[in-house]
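Novice: Going down the list, the sequences are from chains F and Z.
Under my numbering, think of the first position of the first sequence as 3, with each following residue one higher.
Under my numbering, think of the first position of the second sequence as 118, with each following residue one higher.
By construction, these hints were calculated from the structure, which means they are not laboratory data.
Misleading hints may appear alongside valid ones.
In silico DSBU-like pairs for lysine-lysine, Cα to Cα no more than 30 Å straight-line [unchecked claim]: (1) 70(F) with 132(Z); (2) 44(F) with 113(F); (3) 70(F) with 179(Z); (4) 179(Z) with 128(Z); (5) 179(Z) with 132(Z); (6) 179(Z) with 44(F); (7) 44(F) with 195(Z); (8) 179(Z) with 195(Z); (9) 70(F) with 3(F); (10) 128(Z) with 188(Z); (11) 70(F) with 188(Z); (12) 44(F) with 188(Z); (13) 70(F) with 113(F); (14) 128(Z) with 195(Z); (15) 195(Z) with 132(Z); (16) 70(F) with 195(Z).
Please read these numbers as outputs of a predicted model, since none were measured by experiment.
Spelled out, the chains give:
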Amino acid sequence: KQEVTQIPAALSVPEGENLVLNCSFTDSAIYNLQWFRQDPGKGLTSLLLIQSSQREQTSGRLNASLDKSSGRSTLYIAASQPGDSATYLCAVPQAAGNKLTFGGGTRVLVKP
Amino acid sequence: EAEVAQSPRYKITEKSQAVAFWCDPISGHATLYWYRQILGQGPELLVQFQDESVVDDSQLPKDRFSAERLKGVDSTLKIQPAELGDSAMYLCASSRAGGQPQHFGDGTRLSIL
């Protein structure tokens, strides 16, 4: 059974600092990996999706890397802003069409 | 792109009562998912539909939960009778097909008294 872990559970940084969020998974036979953002009381917004054949994916200040062999993904957010404060979740499906298994999330607070 | 619509946004009810949640996916999205998210945890899949057919309901407590997507478009998730442990956020998501990015609605926050 796939297990997804995100450490730390919470993170607080001053504005302008780079953020590094970690995601690990136990079964490396994944189809892709997706990073989401969740604001309090809201649904999930997809940030990046990395296919299993890719090593990284970039969108603006966000960069996500994937190392399947070690069962890890890292989300980097450059030059953090207070608006980046949210919970960030990673999720993996085992195969195309399969359900997503989510990590518990990392709650980020960027202080002005 | 259009959003996934869910209603109601909030629901407060007493235990033993029946509750129902509604989801309207993005037009053209064949796959629809219902997730339950307990506070401080990641979402867990309850049921997945491909068009009108259930493809995964292994984590759905079938003694009290039911879900349907009769015409392969919108969907309803029902709980009867509700229990205190059902308090959570219920999220609906849709995708064009399995394996494509999932798009989430804002969820229904359920509180059982």
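Novice: Give a verdict on every hint.
Specialist: Hint check results:
no., hint, verdict
1, 70(F) with 132(Z), "violated (44 Å)"
2, 44(F) with 113(F), "holds (21 Å)"
3, 70(F) with 179(Z), "violated (35 Å)"
4, 179(Z) with 128(Z), "holds (21 Å)"
5, 179(Z) with 132(Z), "holds (17 Å)"
6, 179(Z) with 44(F), "holds (27 Å)"
7, 44(F) with 195(Z), "holds (21 Å)"
8, 179(Z) with 195(Z), "holds (10 Å)"
9, 70(F) with 3(F), "holds (16 Å)"
10, 128(Z) with 188(Z), "holds (25 Å)"
11, 70(F) with 188(Z), "violated (39 Å)"
12, 44(F) with 188(Z), "holds (27 Å)"
13, 70(F) with 113(F), "violated (33 Å)"
14, 128(Z) with 195(Z), "holds (13 Å)"
15, 195(Z) with 132(Z), "holds (14 Å)"
16, 70(F) with 195(Z), "violated (38 Å)"
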